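Student: Everything in the sequence shown is counted per my numbering, starting at 23 for the first residue and increasing by one.
No lab work stands behind these hints, which were simulated from the structure alone.
Any given hint could be a false lead.
What the hints assert, rightly or not - Simulated crosslink set (DSSO-like; lysine-lysine; CA at most 30 Å straight-line):
{"no.": "1", "residue 1": "Lys46", "residue 2": "Lys31"}
{"no.": "2", "residue 1": "Lys46", "residue 2": "Lys34"}
{"no.": "3", "residue 1": "Lys24", "residue 2": "Lys46"}
{"no.": "4", "residue 1": "Lys37", "residue 2": "Lys24"}
{"no.": "5", "residue 1": "Lys107", "residue 2": "Lys94"}
{"no.": "6", "residue 1": "Lys34", "residue 2": "Lys24"}
Said to hold, decoys possible - Here are the in silico distance ranges between beta carbons for each label pair:
{"no.": "7", "residue 1": "Glu121", "residue 2": "Lys31", "range": "53 to 59 Å"}
{"no.": "8", "residue 1": "Ser48", "residue 2": "Glu123", "range": "34 to 40 Å"}
{"no.": "9", "residue 1": "Ala44", "residue 2": "Thr100", "range": "42 to 48 Å"}
{"no.": "10", "residue 1": "His86", "residue 2": "Glu115", "range": "41 to 47 Å"}
{"no.": "11", "residue 1": "His86", "residue 2": "Glu112", "range": "30 to 36 Å"}
{"no.": "12", "residue 1": "Pro41", "residue 2": "Lys107", "range": "49 to 55 Å"}
{"no.": "13", "residue 1": "Lys34", "residue 2": "Asp62", "range": "14 to 20 Å"}
Since we're looking at a predicted model, the values are computed, not measured.
Note that beta-carbon positions come from the ideal geometry of N, C-alpha and C, so glycine has one too.
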Amino acid sequence: LKDDPEYQKYFKMLKIGMPMDAVKHSMERDGFDCSIMDQDHNLPLQRKKKKGGDEESQAEKDSHRRARLHWKTLRKVTSNSLWAKLDQDEDLENIEIDETE
């Protein structure tokens, strides 16, 4: 298994000290079955089909990383904020909402 050219990349990651979970995640990201790493690395590879199927499904995968957004919550609403103005608006209660729309 460790001499297979498709998996040499992952064994190199293990050799330089990356945790097994990180290597398994990398395998899943690349479309391989990560349960192969739970087997004996010295035994010959028992061929399993890639998870993704073919290269076309790999191309469809979204390659953009999304930024994580964080913000601080407000403890109280100040009187000059939009939310305070909505609370003070008397006409807001008289709005008729058509729920069938």
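Student: Of the numbered hints stated earlier in the document, which are not met by this structure?
Tutor: Violated hints (numbers, rising): 8 and 11; every other hint is consistent with the structure.
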